[in-house]
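There are 2 protein chains.
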Amino acid sequence: MYKAPVEEIAFTLKHVAGLGEAMEQGLLGDLSEDLLDAILTEAGRFAEEEIAPLADIGDKQGARHVDGGVKTPDGWAELYRRWAEGGWNALACPEEFGGQHLPQSLHMATFEMWNACSLGFALGPMLTIGAIEALNAHASDALKEKYLPKMVSGEWMGSMNLTEPGSGTDLGGMKTRAERRPDGTYRIFGQKIFITYGEHDFTDNIIHLVLARLPDAPKGSKGISLFLVPKFFVNEDGSLGSRNDLHCHSIEHKLGIHGSPTCTMIFGDGKFGSEAGAVGWLVGEENHGLAAMFTMMNNERLGVGMQGVGVSEAATQKATAYARERLQGRAPGWKGEGMSPIIEHPDVARTLVTMRALTQGSRAMTYACAFAIDMAMRLEDPEAKRHWQERANLLTPIAKSFPTDAGVEIASHGIQVHGGMGFVEETGAARYYRDVRITPIYEGTNGVQAGDLVGRKLPQSGGNHVRGFIAELKEIAEQVRGSNLGGFGNTADKLDASIADLEEASEWLLAALAAGKATEAASGATAYQRLWGLTLVGCYLAKGGLVDAGDGRQPGRIALCRFAAENLISETASLKDRIINGVDALAAARMLLAS
Amino acid sequence: MYKAPVEEIAFTLKHVAGLGEAMEQGLLGDLSEDLLDAILTEAGRFAEEEIAPLADIGDKQGARHVDGGVKTPDGWAELYRRWAEGGWNALACPEEFGGQHLPQSLHMATFEMWNACSLGFALGPMLTIGAIEALNAHASDALKEKYLPKMVSGEWMGSMNLTEPGSGTDLGGMKTRAERRPDGTYRIFGQKIFITYGEHDFTDNIIHLVLARLPDAPKGSKGISLFLVPKFFVNEDGSLGSRNDLHCHSIEHKLGIHGSPTCTMIFGDGKFGSEAGAVGWLVGEENHGLAAMFTMMNNERLGVGMQGVGVSEAATQKATAYARERLQGRAPGWKGEGMSPIIEHPDVARTLVTMRALTQGSRAMTYACAFAIDMAMRLEDPEAKRHWQERANLLTPIAKSFPTDAGVEIASHGIQVHGGMGFVEETGAARYYRDVRITPIYEGTNGVQAGDLVGRKLPQSGGNHVRGFIAELKEIAEQVRGSNLGGFGNTADKLDASIADLEEASEWLLAALAAGKATEAASGATAYQRLWGLTLVGCYLAKGGLVDAGDGRQPGRIALCRFAAENLISETASLKDRIINGVDALAAARMLLAS
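Protein chains in written order, with my numbering: chain Y, 1 to 595; chain E, 1001 to 1595.
One chain only, chain Y, in its complex shape (with noise of 0.2 Å):
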């Protein structure tokens, strides 16, 4: 059964994310250690003994479509209300509307663990959240002051409405279009899939944000605008009227996530209200519903990322159990008797140690992401304020894809462990392989953030913003050098190496991008990605090792973040080789895909 990692969340906050330092300096309001101890062991009380006990059930029995209605699974209902009492929905929204404005990078961390329970639970409560930012920041003030205190509460849900058939990582081809009416409403019809929650029976009202497309607007993603509908309306009082004209039709036989319903949803086909099409009310301004969109869609990619980083460590506590009880063979160097339990085998023990280093890897590179986005939010000095964005610009794409596709990785190891009975069903380790295949995919492929992170996240500032953190970087690696812990091992060295990949391959994209090679620079976008990844890894594993956590060293953190520097990063000098001389080869090898 899963257990929290609460010391390691809050160690990570403190030492390795920045949040010990701010806290020191004032910079997060009245947050204090003492505060941020509390926050999170509450917390990870809350998903061991209520969310953790629901995960199967919500599995086996998903949600289901009746009546026109979605009914989750047995008990989610009452969860998600004890879970809003809780106030954990309110806890980084505004004050203004009920919320408590803590650190993202403390909410950031309690959803680590409500994924690490229940990835589909926690999907709903995310994009919730990502509309109330949305509105937040968009919307007119008579929109915020009727919606958002119950969705700051967690009274009502909120959706995002996006794909359509045949638009998905390209917006530009929508089809759902909306009708100005002259009472300053509009009407919506249309089709929308996938939608996440999009129907559901955790609350009286879903408050669905939908984009759509005007008569008059221009083509492609520049004529695309926001829209506010409710499922219910809303009366004067705040009591709820009558029902709108969207409705769900069908929901999704899916992989993995099967308590998180997946909606197609209908927009105006007339099934409700006296006359066909769903009222709407604009968010912002007319054909400027992407940027909007954008604002609560770069949250969600560092939300996507806290999913792989909670299933790698639900992951790594079960497979790690099970190897310390099954007995099987008997381990080079064995000296009990009979069988030794699996973890004593090497191979096993190197794969479970991998795991480890990945996830907290994973942690610490999603954390520092939150914690540039706390940092831009709250500095006030442009300069500050323009570095940390930046910072958080640039995490964003590496903090979404990093941990997801270590999140694959890492729930295939834990099958993998488990031997035969991985395989079945009952043992639960196929549930975090299947769930977590979702999490590369949504909110932006890993793909199209590699793309980002090339042609956008790296040329800030004249790609001044990433050779100042790769200086960062190289002062961790020294700070390895010349501390007096022992067992860092060539840890410094193997940074060095890893850091010098990045910084050449980090200068060659510059220049081809500066060249306009645009092909060339996408051909390793997603090399260049995990490039990233790696080194962080390794350079987070090390802060973290290196810190003086009362006694003067923590072994077990040098100790892992050896294991990485020595085992797992060196990678980084295949991917530089593939990015800066692999490209003429996957040019000429597109002939293969000739159909």
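No lab work stands behind these hints: they were computed from the structure. Be aware that one or more of the hints could be misleading.
Here are the simulated lysine-lysine pairs, DSBU-like style, with alpha carbons at most 35 Å apart [as the list claims (entries may be wrong)]:
(1) Lys271/Y to Lys222/Y
(2) Lys71/Y to Lys1517/E
(3) Lys271/Y to Lys219/Y
(4) Lys222/Y to Lys150/Y
(5) Lys1219/E to Lys335/Y
(6) Lys335/Y to Lys146/Y
(7) Lys1335/E to Lys219/Y
(8) Lys1144/E to Lys1071/E
(9) Lys1271/E to Lys1146/E
(10) Lys60/Y to Lys1060/E
(11) Lys1517/E to Lys335/Y
(12) Lys1335/E to Lys222/Y
(13) Lys1060/E to Lys271/Y
(14) Lys60/Y to Lys1175/E
(15) Lys335/Y to Lys1175/E
(16) Lys146/Y to Lys219/Y
(17) Lys1071/E to Lys60/Y
(18) Lys517/Y to Lys1335/E
(19) Lys335/Y to Lys1014/E
(20) Lys60/Y to Lys1517/E
(21) Lys1144/E to Lys1014/E
(22) Lys144/Y to Lys219/Y
(23) Lys1060/E to Lys175/Y
(24) Lys474/Y to Lys385/Y
(25) Lys175/Y to Lys146/Y
(26) Lys1335/E to Lys175/Y
(27) Lys71/Y to Lys1060/E
(28) Lys1060/E to Lys1150/E
Sample of chain E residues lacking proximity to chain Y, with all beta carbon distances greater than 12 Å (derived) [what the hints assert, rightly or not]:
(29) Ile1057
(30) Arg1064
(31) Asn1136
(32) Arg1437
(33) Ser1461
(34) Ala1500
(35) Asp1548
So the derived label-pair ranges between C-beta atoms look like this [as the list claims (entries may be wrong)]:
(36) Glu78/Y to Ser1242/E: 53 to 61 Å
(37) Gly1220/E to Gly333/Y: 12 to 20 Å
(38) Leu27/Y to Lys1060/E: 50 to 58 Å
(39) Asp30/Y to Arg1064/E: 45 to 53 Å
Please read all numbers here as calculations on a predicted model, not as lab measurements. We put the CB at the ideal spot given by N, CA and C, even for glycine.
With the hints as your guide, set chain E onto chain Y.
Same frame as chain Y, now just chain E:
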């Protein structure tokens, strides 16, 4: 829909694995190029037209445990009979019992195609053929005459009963017991788990091979005997008699291969028969059962490798077809109107070419292994026989593990290329990801394979077999360097580098083994196995690219080889580094695994 790659399969058999030359030299009996092509073509047709259409129902409906028996998916029993009537079961079986005695390599190539359509379907036949091999090698003439003709024709199927709850990889802990009876038969009592096709409705009788322990047997794996235990007794005239005392207690609910029943079998609890005890006949000698089981298991390991190849091919085809049709975004350099097919995006193209290179490399190494088995079986010169037996021994763990690990990776890529649709079960990409996940586990986990490779196969002839093989690989790299075929780019240098990594790692491991450093050697075993796999991918693709296929050059094969050389195989450097320099870090990190 799956299109059997008959031409590619035939090319790989003839020009890469070595069948072309062997046929010319008359080493493969009557087999000619024409016959080979005709058999492959007919197998491709059967796979595409007969198996493929029944794959989805097998996944959705699954095998069901009904009234103590197992009902296979609708249409599968009839499909099996058509398959057996087509002579596919008998292809490589001994002529003495009705088989065609065609090469193992051809037999494995047909299994690639069955597997590509449905792992769950093809698994039963694969195990039956393993049972035939074990009986043919070890059973008495009386048993062979009674059972083999109907097993070879496919009228009866076989099953393998090894695993028990506490005894999987390590069979020494087995508890199923056998008692001698005065009439020379035995009575078997016990429970076996994970028994593939232990019960089904394909055939009237099922011939179980069961491992059990005699009362006076030595402890551990030297006290295990093998028994033939039929579901129904067979009368002297070959007709079926009464039911033997064994039955299927339940079947597993699995991540994948849903159509294949995975049974818990109970022997001798008195449910059938006048007295308790399943009647069994000894196969081979008492207490020598494990050797008999290994006869069969070696070929099954290669058979599992073929499962990896089959799924890889199918997943690659599916993703490539989707990427050609799906329009999204505008790829750099795209000149067309509107959105481009996603195959035009460099990142997607890279993924698809990677899938293709790994698939073809996996195919080549499995066929090469099968060809080595053929040569070891058919050549009479003792020195040649030994050479090929060592080659088969060496290649078996590699050909089991690399294609199955690659299969998991490729199936995961296949989902990714489909984006959100990949996560929807109806699309079919998810089935490959679920089905193939068992392949790195069963018939000896890939970790067990790696231990076998390092501990037993590498040291064959004091390491000289591996040294000789490495010399052959260097020769391929030299041929690339000396060829006047354009398009190879830096292939020769890249091959040289990977082969040098392989050589250095091999010598380091041989020295470690010689020094009794078993833990150190085992620590790098999985990395060493992958190092072999990647090097073979590069070398075998190059061997294919060097072939003069009539018109002098094959740009596609050369381009694929160059892609693998310049984009995939340079990972060998980090694998070598991990093997040689990663051991101490792993040893130190094991402190983290203490509970």
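Structure-based check of each hint:
1. Annotation: proposed proximity of Lys271/Y to Lys222/Y holds, straight-line Cα distance about 31 Å (limit 35 Å).
2. As the CA atoms of Lys71/Y and Lys1517/E are separated by approximately 59 Å, the hinted pair breaks the 35 Å bound.
3. Note on Lys271/Y and Lys219/Y: the hinted pairing holds, with a Cα-Cα distance of about 30 Å set against a maximum of 35 Å.
4. Between Lys222/Y and Lys150/Y, the direct Cα distance comes to roughly 31 Å. Compliance with the 35 Å bound is thereby established for this hinted pair.
5. Proximity of Lys1219/E to Lys335/Y is assessed by CA-CA distance (about 18 Å); at most 35 Å being required, the pair is judged to hold.
6. At most 35 Å may separate the alpha-carbon atoms for a hinted pair to count; Lys335/Y and Lys146/Y exceed this at roughly 69 Å.
7. Restraint check for Lys1335/E and Lys219/Y: the C-alpha separation of about 18 Å stays at or below 35 Å, so the hint holds.
8. Between Lys1144/E and Lys1071/E the CA atoms are separated by roughly 29 Å; this keeps the pair inside 35 Å, and the hint holds.
9. Annotation: proposed proximity of Lys1271/E to Lys1146/E holds, straight-line Cα distance about 26 Å (limit 35 Å).
10. Between Lys60/Y and Lys1060/E the alpha-carbon distance is near 15 Å, which keeps this suggested pair within the 35 Å criterion.
11. In summary, the hint linking Lys1517/E to Lys335/Y is supported, as the alpha carbons are separated by about 16 Å, within the 35 Å threshold.
12. Between Lys1335/E and Lys222/Y the CA atoms are separated by roughly 21 Å; this keeps the pair inside 35 Å, and the hint holds.
13. The hinted pair formed by Lys1060/E and Lys271/Y meets the criterion: a straight-line CA distance of about 33 Å does not exceed 35 Å.
14. For the given pair, Lys60/Y sits about 34 Å from Lys1175/E by alpha-carbon distance, which is consistent with the 35 Å threshold.
15. Of the supplied pair hints, the one linking Lys335/Y and Lys1175/E holds, its CA atoms being roughly 24 Å apart against a limit of 35 Å.
16. Proposed proximity of Lys146/Y and Lys219/Y is supported: the alpha carbons are some 32 Å apart, at most 35 Å.
17. A C-alpha spacing of about 23 Å is found between Lys1071/E and Lys60/Y, which places the hinted pair at or below 35 Å, so the restraint holds.
18. At roughly 16 Å between alpha-carbon atoms, Lys517/Y and Lys1335/E fall within 35 Å of each other, so this suggested pair holds.
19. Proposed proximity of Lys335/Y and Lys1014/E is contradicted: the alpha carbons are some 50 Å apart, above 35 Å.
20. Only pairs whose Cα atoms come within 35 Å are accepted, and Lys60/Y paired with Lys1517/E is rejected, the gap being roughly 47 Å.
21. Restraint check for Lys1144/E and Lys1014/E: satisfied, since their Cα atoms lie roughly 34 Å apart, inside the 35 Å limit.
22. A hinted pair counts as satisfied when its Cα atoms are at most 35 Å apart, and Lys144/Y with Lys219/Y qualifies at roughly 29 Å.
23. Between Lys1060/E and Lys175/Y the alpha-carbon distance is near 34 Å, which keeps this suggested pair within the 35 Å criterion.
24. Straight-line distance between C-alpha atoms of Lys474/Y and Lys385/Y comes to about 23 Å, which keeps the hinted pair within the 35 Å bound.
25. About 29 Å separates the Cα atoms of Lys175/Y and Lys146/Y, which keeps this hinted pair within 35 Å; it holds.
26. For the hint pairing Lys1335/E with Lys175/Y, the CA-to-CA distance comes to about 24 Å; that is within 35 Å, so the pair holds.
27. Using a Cα cut-off of 35 Å, the hinted pair Lys71/Y and Lys1060/E holds, with the two alpha carbons roughly 23 Å apart.
28. Among the hinted pairs, Lys1060/E with Lys1150/E is consistent with the structure: their alpha-carbon atoms are about 31 Å apart, no more than 35 Å.
29. Non-interface status of Ile1057/E relative to chain Y is upheld: no Cβ of that chain comes within 12 Å, the nearest being about 15 Å off.
30. Taking the minimum C-beta to C-beta distance to chain Y, about 15 Å, the non-interface status of Arg1064/E holds against the 12 Å cut.
31. With 12 Å as the threshold on Cβ separation, the claim that Asn1136/E sits away from chain Y holds: the shortest Cβ distance comes to roughly 27 Å.
32. Taking the minimum C-beta to C-beta distance to chain Y, about 6 Å, the non-interface status of Arg1437/E is violated against the 12 Å cut.
33. Non-interface status of Ser1461/E relative to chain Y is upheld: no Cβ of that chain comes within 12 Å, the nearest being about 23 Å off.
34. Every CB of chain Y is more than 12 Å from the CB of Ala1500/E (nearest about 15 Å), matching its label as outside the interface.
35. Chain Y leaves Asp1548/E outside its interface by the beta-carbon criterion, the shortest separation being 19 Å against a cut-off of 12 Å.
36. For Glu78/Y and Ser1242/E, the Cβ-Cβ distance of about 56 Å falls inside the hinted range of 53 to 61 Å, so the restraint holds.
37. In this structure the hint that Gly1220/E and Gly333/Y lie 12 to 20 Å apart at CB holds, the actual value being about 19 Å.
38. A hinted range of 50 to 58 Å for the beta carbons of Leu27/Y and Lys1060/E is consistent with their spacing of about 55 Å.
39. For the pair Asp30/Y and Arg1064/E, the beta carbons lie near 60 Å from each other, so the given range of 45 to 53 Å is not met.
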